[in-house]
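Residues per chain, in single letters:
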Amino acid sequence: MAPADLALALTALACLGLRLAGVWLAGGMSAEHPAIAWATAVAQATLAAFVALAIAAPSGALAEVPLAARLAGFGVGAAAVVTLRGRLLPALLAGLAAMLAVRFLVV
Amino acid sequence: MSTPSAFLPGLREAIGAPGVAMAATFCAFGAAVQEAGLGPGWALLACWGIYGMPGQLVLVQSAAAGWAGGVGAAVMGAVAVNARFLPMAVSIAPVLAARERWRLLPAVPFIAVTPWAAAMRALPAIAPAARVSWFLGFGLTSWVVAGSAALAGYFIAGGLGAEARAALLFVNPLYYGLLLAADFGRPAPRRAVLCGAVAASLALLVPASMALLAAGVAGGTVAFLLGRRHGAR
Chain A
37 MAPADLALAL
47 TALACLGLRL
57 AGVWLAGGMS
67 AEHPAIAWAT
77 AVAQATLAAF
87 VALAIAAPSG
97 ALAEVPLAAR
107 LAGFGVGAAA
117 VVTLRGRLLP
127 ALLAGLAAML
137 AVRFLVV
Chain B
396 MSTPSAFLPG
406 LREAIGAPGV
416 AMAATFCAFG
426 AAVQEAGLGP
436 GWALLACWGI
446 YGMPGQLVLV
456 QSAAAGWAGG
466 VGAAVMGAVA
476 VNARFLPMAV
486 SIAPVLAARE
496 RWRLLPAVPF
506 IAVTPWAAAM
516 RALPAIAPAA
526 RVSWFLGFGL
536 TSWVVAGSAA
546 LAGYFIAGGL
556 GAEARAALLF
566 VNPLYYGLLL
576 AADFGRPAPR
586 RAVLCGAVAA
596 SLALLVPASM
606 ALLAAGVAGG
616 TVAFLLGRRH
626 GAR
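Here the protein sequences come in this chain order: A and B. Each residue of the first sequence is one higher than the last, beginning at 37 in my numbering. Each residue of the second sequence is one higher than the last, beginning at 396 in my numbering.
Quick caveat, the hints were computed from the structure, so don't treat them as lab data. Only a predicted model underlies this, so the values are computations on that prediction, with no experimental measurement involved. Cβ atoms here follow ideal geometry from the backbone N, Cα and C, with glycine treated the same way.
Cβ-Cβ distance ranges computed for the label pairs, FRET-style: (1) B:Arg516 x A:Pro39: 38 to 44 Å; (2) A:Pro102 x B:Arg624: 38 to 44 Å; (3) B:Thr616 x A:Ala38: 37 to 43 Å; (4) B:Arg516 x A:Met65: 17 to 23 Å; (5) B:Glu430 x A:Thr119: 34 to 40 Å; (6) A:Leu103 x B:Gly467: 31 to 37 Å; (7) B:Val601 x A:Arg123: 32 to 38 Å; (8) B:Arg516 x A:Val143: 31 to 37 Å.
Produce the entire structure from the sequences given, and follow the hints as far as they go.
Structure below.
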């Protein structure tokens, strides 16, 4: 088996195992159980850390977008989603437009 | 009287902002796969089998480097950056409210950031008996969007400049950031988001493959303990 195929198969199996283990661990617990509240907090914090790193210190191709453009995109998008009472699509487009506009001005 | 299926509402929900964010991200992924010298079938199977972008990118970067660190190291890195699937599955299982645990099995492959975040937002307003079908509608649609976008990205890779790819990649964290911002008015998510953002600085101290997991566990645990101390949710 080629290394790429082997790596893909092993990773897919491990990720499926993580998902199955989570569902099994949750068992018959209610959404109010402290373990569920902890797991939810960990998942939300992980997502927040991912966003923080992607905005403040990205790697790869995203690093080619200037910091000012990334911050402007996120700032405008967040302000729009609050102003528009949680409507994600227009907020997403506003944030993307702001990022592209600032990148055009900075670069 | 039986509860009507929520499959179609879930499908419709996935086509809006989540669909745009996923299409952009997976399009950029398809282009990266093509550049790494892997095939379109590999791109499609990576989307559907792993269904977690950070882990997918770890494998693509390893392939581009000729598997210099070995397949084992690449797999461990990919699994470590996708370890968030475990707490996400733990937290969403009771929200899906299936009477028997085996009824959750069809939903398991779709537990990933985008469906999880959308479901945690939408499911409390949906009848418990209809929640699994809503999640399946959302998850299956997301899968189709992800796979199609990856293939499109693979075949138009040559026409995408580095800047266009960077813009596509920015859509993904922006979308997640907006999801978190939309929830910022509630105390428990606000604590978790603030603690997670602060804990992201752990990336300076631990290896990159472990940084997200470490930040999530540390930030989430502090947020959880603060919530218990204040007696608020």
